[in-house]
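Colleague: Sequence:
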Amino acid sequence: GLPFSNINKALKKKEISKLINVSFRKCGLKETVVFADKLLQNGFRLATKAGISIAIDDMLVPPEKPAIIERAEKEVKEIAQQYGSGLVTSGERYNKVVDIWGKAGDEVSKVMYARLSKEKVTDRHGKSVDQESFNSIYMMADSGARGSAAQIRQVAGMRGLMAKPDGSIIETPITANFREGLNVLEYFISTHGARKGLADTALKTANSGYLTRRLVDVTQDLVVTEQDCGTHGGYLMRAIVEGGEVIESLRDRILGRSAAEDVLHPENRSVLLPAGAMFDEDNIEELEAQGVDEVKVRTALTCDTRFGICATCYGRDLGRGGLINIGEAVGVIAAQSIGEPGTQLTMRTFHIGGAASRAAIASSVEAKSNGSIGFNATMRYVTNSKNDLVVISRSGEIVIHDEHGRERERHKVPYGAILAVKADQQIKAGHVLANWDPLTRPIITEFAGKTHFENVEEGLTVAKQVDEVTGLSTLVVIDPKRRGATKVVRPQVKLIDASGAEVKIPGTDHSVTIGFPIGALVQIRDGQDVGPGEVLARIPVEGQKTRDITGGLPRVAELFEARSPKDKGTLAEMTGTVSFGKETKGKVRLQITDPEGTVHEELVLKEKNILVHEGQVVNKGESVVDGPADPQDILRLLGSEELARYIVDEVQDVYRLQGVKINDKHIEVIVRQMLRRVVVDNIGDTNYISGEQVERSE
Numbered sequence: 002g003l004p005f006s007n008i009n010k011a012l013k014k015k016e017i018s019k020l021i022n023v024s025f026r027k028c029g030l031k032e033t034v035v036f037a038d039k040l041l042q043n044g045f046r047l048a049t050k051a052g053i054s055i056a057i058d059d060m061l062v063p064p065e066k067p068a069i070i071e072r073a074e075k076e077v078k079e080i081a082q083q084y085g086s087g088l089v090t091s092g093e094r095y096n097k098v099v100d101i102w103g104k105a106g107d108e109v110s111k112v113m114y115a116r117l118s119k120e121k122v123t124d125r126h127g128k129s130v131d132q133e134s135f136n137s138i139y140m141m142a143d144s145g146a147r148g149s150a151a152q153i154r155q156v157a158g159m160r161g162l163m164a165k166p167d168g169s170i171i172e173t174p175i176t177a178n179f180r181e182g183l184n185v186l187e188y189f190i191s192t193h194g195a196r197k198g199l200a201d202t203a204l205k206t207a208n209s210g211y212l213t214r215r216l217v218d219v220t221q222d223l224v225v226t227e228q229d230c231g232t233h234g235g236y237l238m239r240a241i242v243e244g245g246e247v248i249e250s251l252r253d254r255i256l257g258r259s260a261a262e263d264v265l266h267p268e269n270r271s272v273l274l275p276a277g278a279m280f281d282e283d284n285i286e287e288l289e290a291q292g293v294d295e296v297k298v299r300t301a302l303t304c305d306t307r308f309g310i311c312a313t314c315y316g317r318d319l320g321r322g323g324l325i326n327i328g329e330a331v332g333v334i335a336a337q338s339i340g341e342p343g344t345q346l347t348m349r350t351f352h353i354g355g356a357a358s359r360a361a362i363a364s365s366v367e368a369k370s371n372g373s374i375g376f377n378a379t380m381r382y383v384t385n386s387k388n389d390l391v392v393i394s395r396s397g398e399i400v401i402h403d404e405h406g407r408e409r410e411r412h413k414v415p416y417g418a419i420l421a422v423k424a425d426q427q428i429k430a431g432h433v434l435a436n437w438d439p440l441t442r443p444i445i446t447e448f449a450g451k452t453h454f455e456n457v458e459e460g461l462t463v464a465k466q467v468d469e470v471t472g473l474s475t476l477v478v479i480d481p482k483r484r485g486a487t488k489v490v491r492p493q494v495k496l497i498d499a500s501g502a503e504v505k506i507p508g509t510d511h512s513v514t515i516g517f518p519i520g521a522l523v524q525i526r527d528g529q530d531v532g533p534g535e536v537l538a539r540i541p542v543e544g545q546k547t548r549d550i551t552g553g554l555p556r557v558a559e560l561f562e563a564r565s566p567k568d569k570g571t572l573a574e575m576t577g578t579v580s581f582g583k584e585t586k587g588k589v590r591l592q593i594t595d596p597e598g599t600v601h602e603e604l605v606l607k608e609k610n611i612l613v614h615e616g617q618v619v620n621k622g623e624s625v626v627d628g629p630a631d632p633q634d635i636l637r638l639l640g641s642e643e644l645a646r647y648i649v650d651e652v653q654d655v656y657r658l659q660g661v662k663i664n665d666k667h668i669e670v671i672v673r674q675m676l677r678r679v680v681v682d683n684i685g686d687t688n689y690i691s692g693e694q695v696e697r698s699e
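Those letters in the sequence shown? Residues 2 to 699, by this note's numbering.
Don't read these hints as lab results, they were simulated from the structure.
Quick reminder that beta carbons are idealized off the backbone N, C-alpha and C, glycines included.
Do not take every clue at face value.
[Said to hold, decoys possible] Straight-line distance between alpha carbons at most 30 Å, and here's what the computed DSSO-like set of lysine-lysine pairs gives:
(1) Lys13 <-> Lys97
(2) Lys662 <-> Lys104
(3) Lys495 <-> Lys505
(4) Lys495 <-> Lys567
(5) Lys15 <-> Lys78
(6) Lys10 <-> Lys50
(7) Lys621 <-> Lys423
(8) Lys97 <-> Lys505
(9) Lys128 <-> Lys15
(10) Lys27 <-> Lys15
(11) Lys567 <-> Lys586
(12) Lys588 <-> Lys465
(13) Lys111 <-> Lys369
(14) Lys165 <-> Lys111
(15) Lys588 <-> Lys14
(16) Lys662 <-> Lys621
(17) Lys197 <-> Lys165
(18) Lys111 <-> Lys569
(19) Lys50 <-> Lys75
(20) Lys50 <-> Lys15
(21) Lys569 <-> Lys586
(22) Lys75 <-> Lys14
(23) Lys387 <-> Lys19
(24) Lys31 <-> Lys14
(25) Lys39 <-> Lys14
(26) Lys39 <-> Lys111
(27) Lys19 <-> Lys569
(28) Lys119 <-> Lys97
(29) Lys78 <-> Lys50
[Unchecked claim] Cβ-Cβ distance ranges computed for the label pairs, FRET-style:
(30) Ile53 <-> Asp107: 19 to 29 Å
(31) Arg381 <-> Ala200: 43 to 53 Å
(32) Asp107 <-> Gly640: 57 to 67 Å
(33) Glu268 <-> Ala195: 50 to 60 Å
(34) Gln659 <-> Lys165: 33 to 43 Å
(35) Thr206 <-> Asp682: 41 to 51 Å
(36) Asn326 <-> Lys165: 50 to 60 Å
(37) Thr123 <-> Ala207: 22 to 32 Å
(38) Leu199 <-> Ala430: 30 to 40 Å
(39) Asp403 <-> Gly628: 30 to 40 Å
(40) Glu74 <-> Gly182: 44 to 54 Å
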């Protein structure tokens, strides 16, 4: 039987499905069928007795709403004034306004949900206590029967920001909700979203079906052909943590997979689970209790079976709950599992009615657990004049270890952030680790010296924007297209030390040059003394369009086709030192010299934002030019494991945004099929031709 603790709680939609799952695993098929029948009858009986209906009084508009909106309006007015006096650019103003309204909407919905979810009742002793609310609307959404917090927010909170047909966000939000009623203008703005949703639904159904068809086409011949291929290969799995929040726990990622090597106890190195054994509910609980935080698991990608795949690498049959049987067509199952939610994803767009769901941009990061601070290998920082630590690496991460030295969490820290912790510092949960300005990207100097501008000429490379009110002027780097036919020059700044010589990068004969990309606002003057960590210029970040699954379906198709994205970023071809060569028309020559002295060079368009500067040391595969990653590059420079991880993570991101759960296995099966052919590079003693494409299994 089942322990009472399984059912002694509020059974919502997810809990009930979990209950059936546990019942099937513990009590077998027959019992579960009877159980499900009784559940059904009870459900109908109780739903009838409860008599839940909706009345207008159930939609509680929080009394705090006007105050929140007033506060937001005041902030918006302040920013309008700053814009009027030229302190912020119009792009920055738009970003900040949209941000303020986004936050205000979230605040209203938080207050509203708090009010809905609790009600004061008088218990039998005459005391008033807070208990979970019996509000009909709240019960429907909370139990998972119908509706979501986002929908209740539009009925009783505020409708929030809306998108124009082209996807840009209208900066005046709809402050009313459906309970209060919309005025003519608000109603008109709302039509955009509703119409876009209907049109999308009609078009996307076909699209989603076509994606499924292409996936089946590529995977249809993948079948489980043997029990165990005996490989020792596998991928390391750990919980996915983004911004300090665990998005997917280790348990969810390895459930129903097989161990690639013996799983050892973190302290005394005893074997907890032998290689080849499958992780099931029970032994995962033991692993969690022992604090194992990463496991090497067998995956479809490392399976050595020549034709098809082996049962051990695939793991549990997700439909039946045991190890997969030989002869199961796992390829088609994978294709269908990925294609099927596609249709749901398409319908999803219009439920939220075009209400702009853009994530409020994070501006700081805090620790979720106690421990000591460490930094990853690529983290570099300098101390500025205020004694703050300023991050100057692009891929720096803060890692927090517990008292046993195990990694608990890691947080990416952007370039230009100010660290609030030092290495090996002991911290408590909730401690702020770093903060930064999310709406602008700074350009920072690592060295001290006197600035010396080069190619900074008004009207040629920079334009002066004078602020009428304060009389201050800022220099904005402009596009060279507006210049005459002079040779193309890039505005940059060099540093000069006390003796008047150019400051060199330690250990090289490169002088420090910092280039200003187009659109940067220069914050310093020529000949000014600067210290390390000082901001030389800032680049405002453009406003994003709403992330919608419409970006989603094409995104999934693009990933599985491994297309090179439009303006793709560039990765470093090898480990070495960056330098800039002679510039050609419209392009910059970016060179990387490795320790042996071999030079690899690449031409990069001027408009691109180059993330590295002269003399910086980069590792192979590190990003050097901003832009979306190209799967081809990842495969070439970082290998197939990194590529698989990239595709799995990106596809999961798209589905996760919609709250759809797909098992990683399915995506891995498809990636295996994507990587199945190789090009012959070196003939050796085979009878292939160099450059021929061959199936990998041969």
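Colleague: Indicate, hint by hint, whether the structure satisfies it.
Modeller: Status of the hints after comparison with the structure:
1. Between the alpha carbons of lysine 13 and lysine 97 the distance comes to roughly 39 Å, so the proposed pair goes past 30 Å and is violated.
2. Only pairs whose Cα atoms come within 30 Å are accepted, and lysine 662 paired with lysine 104 is accepted, the gap being roughly 27 Å.
3. At most 30 Å may separate the alpha-carbon atoms for a hinted pair to count; lysine 495 and lysine 505 meet this at roughly 10 Å.
4. For the hint pairing lysine 495 with lysine 567, the CA-to-CA distance comes to about 33 Å; that exceeds 30 Å, so the pair is violated.
5. A hinted pair counts as satisfied when its Cα atoms are at most 30 Å apart, and lysine 15 with lysine 78 does not qualify at roughly 45 Å.
6. Between lysine 10 and lysine 50 the CA atoms are separated by roughly 20 Å; this keeps the pair inside 30 Å, and the hint holds.
7. For the proposed pair lysine 621 and lysine 423, the alpha carbon gap of about 28 Å is at most 30 Å, so the pair holds.
8. Taking the CA atoms of lysine 97 and lysine 505, the gap is near 39 Å; set against the 30 Å cutoff, the hint is violated.
9. For the hint pairing lysine 128 with lysine 15, the CA-to-CA distance comes to about 34 Å; that exceeds 30 Å, so the pair is violated.
10. For the suggested pair lysine 27 and lysine 15, the alpha carbons sit about 18 Å apart, so the restraint of at most 30 Å is met.
11. At most 30 Å may separate the alpha-carbon atoms for a hinted pair to count; lysine 567 and lysine 586 meet this at roughly 21 Å.
12. Between lysine 588 and lysine 465 the alpha-carbon distance is near 25 Å, which keeps this suggested pair within the 30 Å criterion.
13. The suggested pairing of lysine 111 with lysine 369 holds, with an alpha-carbon distance near 21 Å, which does not exceed 30 Å.
14. Proximity of lysine 165 to lysine 111 is assessed by CA-CA distance (about 26 Å); at most 30 Å being required, the pair is judged to hold.
15. For a cut-off of 30 Å, the pair hint linking lysine 588 to lysine 14 is broken: about 57 Å separates their Cα positions.
16. Taken as a hint, the lysine 662 and lysine 621 pair is broken in the structure, with Cα atoms around 34 Å apart against an allowance of 30 Å.
17. Distance check on the hinted pair: lysine 197 and lysine 165 sit about 9 Å apart at the alpha-carbon level, within 30 Å; holds.
18. At roughly 39 Å between alpha-carbon atoms, lysine 111 and lysine 569 are farther apart than 30 Å, so this suggested pair is violated.
19. This hinted pair does not check out: lysine 50 and lysine 75 have alpha carbons roughly 49 Å apart, beyond 30 Å.
20. With a C-alpha separation of about 22 Å, the suggested pair lysine 50 and lysine 15 falls inside the 30 Å cut-off, and the hint holds.
21. This hinted pair checks out: lysine 569 and lysine 586 have alpha carbons roughly 20 Å apart, not beyond 30 Å.
22. A distance of roughly 42 Å separates the Cα atoms of lysine 75 and lysine 14; the hinted pair therefore is violated under the 30 Å criterion.
23. Restraint check for lysine 387 and lysine 19: the C-alpha separation of about 54 Å exceeds 30 Å, so the hint is violated.
24. For the hint pairing lysine 31 with lysine 14, the CA-to-CA distance comes to about 22 Å; that is within 30 Å, so the pair holds.
25. A hinted pair counts as satisfied when its Cα atoms are at most 30 Å apart, and lysine 39 with lysine 14 qualifies at roughly 16 Å.
26. At roughly 37 Å between alpha-carbon atoms, lysine 39 and lysine 111 are farther apart than 30 Å, so this suggested pair is violated.
27. Between lysine 19 and lysine 569, the direct Cα distance comes to roughly 43 Å. Violation of the 30 Å bound is thereby established for this hinted pair.
28. Between lysine 119 and lysine 97, the direct Cα distance comes to roughly 33 Å. Violation of the 30 Å bound is thereby established for this hinted pair.
29. Taken as a hint, the lysine 78 and lysine 50 pair is broken in the structure, with Cα atoms around 52 Å apart against an allowance of 30 Å.
30. A C-beta distance of roughly 28 Å is found between isoleucine 53 and aspartate 107, which places it inside the suggested range of 19 to 29 Å.
31. At about 49 Å, the CB distance of arginine 381 to alanine 200 agrees with the hint of 43 to 53 Å.
32. With their beta carbons about 41 Å apart, aspartate 107 and glycine 640 fall outside the hinted range of 57 to 67 Å.
33. As the Cβ distance of glutamate 268 to alanine 195 is approximately 59 Å, the hint placing it in 50 to 60 Å holds.
34. Taking 33 to 43 Å as the suggested C-beta distance range, the pair glutamine 659 and lysine 165 does not conform, at roughly 22 Å.
35. A hinted range of 41 to 51 Å for the beta carbons of threonine 206 and aspartate 682 is consistent with their spacing of about 43 Å.
36. At about 53 Å, the beta-carbon gap between asparagine 326 and lysine 165 stays in the expected band of 50 to 60 Å.
37. Under the hint 22 to 32 Å, the C-beta atoms of threonine 123 and alanine 207, about 57 Å apart, miss the expected range.
38. Evaluation of the 30 to 40 Å hint for leucine 199 and alanine 430 yields a failure: the beta carbon distance comes to about 46 Å.
39. As the Cβ distance of aspartate 403 to glycine 628 is approximately 37 Å, the hint placing it in 30 to 40 Å holds.
40. Checking the proposed 44 to 54 Å range against glutamate 74 and glycine 182 shows it is violated: the Cβ atoms sit about 20 Å from each other.
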